[in-house]
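Keeping the supplied structure of chain A fixed, place chain B upon it in accordance with the hints.
Protein chains: 2
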Amino acid sequence: MDFERKIKYYHDMINKYLSEVFQEKDCLQKSVYDAMNYSVQAGGKRIRPVLALAVCDMLGGDINDAMRIAVSIECIHTYSLIHDDLPCMDNDDLRRGMPTCHKKFGEATALLAGDGLLTFAFEHLADLKGYKCCSPGAVLNIISDIAKSAGCAGMIGGQVVDLENEGSADITEKILTYMHNRKTGALIRTSVLASAIAAGADDRQKKALTQFADALGLAFQIQDDILDCIGDEKTLGKPIGSDAENEKTTYVTLLGLKAAMGKSKNLTNQAVSALEGFGDKAEFLRELADYLLTRNK
Amino acid sequence: MDFERKIKYYHDMINKYLSEVFQEKDCLQKSVYDAMNYSVQAGGKRIRPVLALAVCDMLGGDINDAMRIAVSIECIHTYSLIHDDLPCMDNDDLRRGMPTCHKKFGEATALLAGDGLLTFAFEHLADLKGYKCCSPGAVLNIISDIAKSAGCAGMIGGQVVDLENEGSADITEKILTYMHNRKTGALIRTSVLASAIAAGADDRQKKALTQFADALGLAFQIQDDILDCIGDEKTLGKPIGSDAENEKTTYVTLLGLKAAMGKSKNLTNQAVSALEGFGDKAEFLRELADYLLTRNK
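Protein sequences, first through last, are from chains A and B.
Using our numbering, the letters of the first sequence correspond one by one to residues 189 to 485.
Using our numbering, the letters of the second sequence correspond one by one to residues 189 to 485.
In isolation and in its complexed conformation, chain A is listed as follows (with noise of 0.2 Å):
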């Protein structure tokens, strides 16, 4: 199957799965079900379930085993979104040009939303019935895993370090790494490790892949930063030029725009590496390092 062919095959998975997951209907709370559902069915581009996807096929995983750790994955990427754009965080009323979950549920469902996603991806990471091979040691380590990435020491972290800088002059690119490595590096290192435990990597394969992970989580953020400077505004679907215009520290604001898109492809070119000892196997994911470096969206 050619990468097109393939990555639609596993959006299509992925849109399928987490169109039925919340289906709870005639209950005195289904505006919390709701407000879930509108925004994990918002669409996106799928980065970290496709991710966990395609590493379970290299390694001859159960892809239903990496589908629970997909979605659940997915899940807390998208409270992560709800909360960040709540009048508190972000403020923002748009987002991929739809209403965001609080503009169109309230505030306070939103909140209430994004904790729901949060605890459902725990509910369903530790239903071991749900899985085909993992034992619960495995699964264990999965949750442990995914809970570190998405707690203070990873993403949570970042959003901290984020807000505490905003407006800062002082950033310097090491507090900007430091900043990305949790933000959004956290979320997309386990997404390949978690799937990679599910299926029975050994120490020298996590090792490798998370290389890769760190690699392509960095340069997938700074060819956003990129994208905020020279993108298309209809095709990203956003005004560009908001990051200078909010004297947000990027890594083209601290590197320049040449540098930065040399940084970009230099850890690209990392991460295609980091995956040499997989052989022919690692053909889909070192293509889609390609296409989140050349992306225009």
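Some hints here could point you the wrong way.
What the hints assert, rightly or not - Here are the simulated PhoX-like cross-link-like pairs (lysine-lysine), alpha carbons at most 20 Å apart as the crow flies:
(1) B/Lys-336 - A/Lys-213
(2) B/Lys-213 - B/Lys-292
(3) A/Lys-233 - A/Lys-362
(4) A/Lys-362 - B/Lys-362
(5) B/Lys-218 - A/Lys-362
(6) B/Lys-213 - A/Lys-213
Claimed, not checked - Ranges of calculated distance between the beta carbons of each label pair, as one might list FRET restraints:
(7) B/Gly-294 - A/Gly-285: 43 to 49 Å
(8) A/Leu-316 - B/Asp-478: 34 to 40 Å
(9) A/Asp-358 - B/Asn-279: 46 to 52 Å
It is worth saying that the hints were derived from the structure and are not from the lab.
Idealized CB from N, CA, C, for every residue including glycine.
Just chain B, lined up with the frame of chain A:
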């Protein structure tokens, strides 16, 4: 050990553990750990962790394993209070006589501190090395039960129903009970049940303890409603009559004070009766049920 000494013994153990659990100091996201620490150390009755420890002692389980469960559930309870106090929810400035988390640290940090406590609870629960006696399978059952109880079918669901019925004059006793069984009841039930799973309780024991917890949880809530009506402001540390002022439907407004007191007493008796099969070992839990019924704060 008599009841007063025993409950103090449990409180001291819980408070010591909670004072040591968030000790990250040398990181860029220190503020979120400070906010989490502030809220978990703000005190409170610690009903949920005390229940978890007492059930463990009654069943002869490992107290270290029960403590991990107890503290994780208290973190989930604390996160729910932080989010509940936010301006988009109850907009409370004070809790237990102290500034609420968002008043002290700002809304964004409080939101993230709540998210952090919820995520930490699952990280803490999934750490197999932290248990002495629980098998990986038992730990997964514990995480499942806690996540279900904290999620949209449980605590969050109760909050949603509360929110949706705010200011409504049509709340029936059925809806009120549906709401409280989830908003307060679910976390009380899982404090008892998760600890019972850890201690290796059989199905008959789990059924009896579920009956105990369900009756206790509802009695606890009705007593809260009664205290808001006839409590002493100084002892409670908050103004009384706020439910009536906010035209909130409570068991007192629905049933009248006398019938509400009768219902709370009946439920406490039911809770105590459910413990019959445990004989003398249930003494502390029986006394705890009476203590909660006759509390004045």
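*Between B/Lys-213 and A/Lys-213, is the straight-line Cα distance small enough, at 20 Å or below?*
The given pair, whose Cα atoms are some 45 Å apart, is violated under the 20 Å limit.
*Quickly compare the C-alpha distance for A/Lys-233 and A/Lys-362 to 20 Å and report which way the hint goes.*
Status violated; Cα separation ~27 Å.
_Restraint check for B/Lys-336 with A/Lys-213, where alpha carbons must lie at most 20 Å apart_ = holds (17 Å)
*Quick one, are A/Lys-362 and B/Lys-362 close enough, alpha carbons at most 20 Å?*
Roughly 57 Å separates the two Cα atoms, so the pair is violated.
*Would you check the hint for B/Lys-218 and A/Lys-362, treating anything up to 20 Å between C-alpha atoms as holding?*
Holds, at about 17 Å.
_Given the hint of 34 to 40 Å, is the C-beta distance from A/Leu-316 to B/Asp-478 inside that range or not?_
holds (39 Å)
*Hint says 46 to 52 Å; check whether the CB-CB distance for A/Asp-358 and B/Asn-279 agrees.*
Because 34 Å falls outside the window, the suggested range is violated.
*Given the proposed pairing of B/Lys-213 with B/Lys-292, does the C-alpha separation stay at or below 20 Å?*
holds (18 Å)
*Starting from the range 43 to 49 Å, see whether the pair B/Gly-294 and A/Gly-285 falls in it by beta-carbon distance.*
Since the Cβ atoms of B/Gly-294 and A/Gly-285 sit about 30 Å apart, the hinted range of 43 to 49 Å is violated.
Going through the hint list in order, the structure does not satisfy hints 3, 4, 6, 7 and 9.
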